[in-house]
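Let chain A serve as the given structure and place chain B on it in line with the hints.
Chains as they are written, first to last, in our numbering: chain A, 1 to 165; chain B, 166 to 324.
Just so you know, the hints here were simulated from the structure itself, not pulled from any lab data.
Hints are supplied without guarantee of correctness; some may be wrong.
[Said to hold, decoys possible] Stretch-level coverage of chain A by chain B, calculated; a stretch enters the list once three of its residues show a Cβ under 8 Å from a Cβ in chain B:
| # | segment |
| --- | --- |
| 1 | 51-58 |
| 2 | 85-94 |
[Said to hold, decoys possible] In silico DSSO-like links for lysine-lysine, alpha-carbon gap of 30 Å or less:
| # | chain 1 | residue 1 | chain 2 | residue 2 |
| --- | --- | --- | --- | --- |
| 3 | A | Lys59 | B | Lys288 |
| 4 | B | Lys297 | B | Lys285 |
| 5 | B | Lys297 | A | Lys138 |
| 6 | A | Lys123 | B | Lys219 |
| 7 | A | Lys138 | B | Lys288 |
| 8 | B | Lys219 | A | Lys138 |
Every value quoted in this text rests on a predicted model; they were computed, and no experiment measured them.
Cβ coordinates follow ideal geometry from the N, Cα and C atoms, glycine included.
One-letter residues, chain by chain:
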Amino acid sequence: MHQFIISFARWVQSTHLGVGILESTWAFPYVQLTHFTGLSLFIGTNLALDLRMMGIGNKNQTAAQLSDSVFAWNWVGFVIAITGGFMLFSTAALTYVANPSFDVKLSMLIPTALIVHIFNQQKVRTWGQTPETPGIAKLAGLVELLLWLSVVSAAVLIPYFAAEP
Amino acid sequence: MGFSLWLQRNAFVVWVNGSVVTASSLEIIHYVGFFLLVGATAIMDLRVMGVAAKRQSATQLAEQVFPWMWTGLVLATISGFLMYASDATEYLHNSVFHHKLYLCVLGIIFAVIVRRNVPKWDKLPAIPGIAKLIALVSLVLWVATILWGVDVPALTGVG
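Only chain A is shown next, with the shape it has when bound in the complex (with noise of 0.2 Å):
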């Protein structure tokens, strides 16, 4: 499995795709612009979901229409973020497999984020119909919040982890 991943970085990496956006002096930034817009909309709307499911925010309108009202951008985001993340991930390949924080969030940190968001949405739907929400609903909702300050920390953290040349 080690060895697949890192022949996996190194094809990556040779690709015509990371090359060219290395050696681009424009693109990089726009790569960027593409990971954090589309982070921008999942994680945003995320958050937003959660703390109203944990009771906090505007309480006029339903978690589960909260829920509905941005199922389809949160979505739209998530796919901007993966597209904009490979493509910062394909300029480096081998330096991102190599690197603990970059590992830990990839492997643990967004498959199980991403599990809990699955969950959360299609339970919202039942524990969301009321104003105020239930106590499994507010637990629920305040784990999937944890767990997407973690990969953000853990994203944050990748150059502070990074070996010495």
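Just chain B now, kept in the frame of chain A:
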């Protein structure tokens, strides 16, 4: 220059940017803050443009997401100011950074325009074209703010 230098040497500014835990916390707060800010604004703008959340009125959605837009703005501004402060003298003549701030101020002005007019637009038979244009400009302004934001380190090497 005097003010920038004073700010940069301020004991709290030096401390908060001085350790991995506090410096990375500033970055985390800045990202989470602008995700909330841009995410909430984008959903609102897309609703006004008629391509999101059509089962809810624009006013209802505004009541729901604007508190998070302001919360995100406060988080991003405080953390952003403290990060700026540690390199204040370098940002003094950094035009990319200045443009990012102008874009951000314009984005806030457009968000206020949207928030104030949404109840009025909702009472009309259909959301008017000018409202959709304002929402589009708002969306473009925030995307541009992120672009100029990532351009600060990419083009000027500061931050």
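So, going through the hints one by one against the coordinates:
For a cut-off of 8 Å, the count of residues in the segment 51-58 of chain A with a CB near a CB of chain B stands at 4, and the three-residue condition holds. Taking a C-beta to C-beta cut-off of 8 Å, the segment 85-94 of chain A contributes 0 residues in contact with chain B, too few for the three needed, and the coverage statement is violated. The straight-line distance between the Cα atoms of lysine 59 of chain A and lysine 288 of chain B is roughly 22 Å, inside the 30 Å bound, and the hint therefore holds. Between lysine 297 of chain B and lysine 285 of chain B the alpha-carbon distance is near 13 Å, which keeps this suggested pair within the 30 Å criterion.
For a cut-off of 30 Å, the pair hint linking lysine 297 of chain B to lysine 138 of chain A is broken: about 36 Å separates their Cα positions. Simply put, lysine 123 of chain A and lysine 219 of chain B have alpha-carbon atoms about 22 Å apart, close enough for the 30 Å limit, and the pair holds. A threshold of 30 Å between alpha carbons decides the hint, and for lysine 138 of chain A with lysine 288 of chain B the separation of about 35 Å lies outside it, so the pair is violated. Between the alpha carbons of lysine 219 of chain B and lysine 138 of chain A the distance comes to roughly 27 Å, so the proposed pair stays at or under 30 Å and holds.
The earlier numbered hints that this structure contradicts are 2, 5 and 7.
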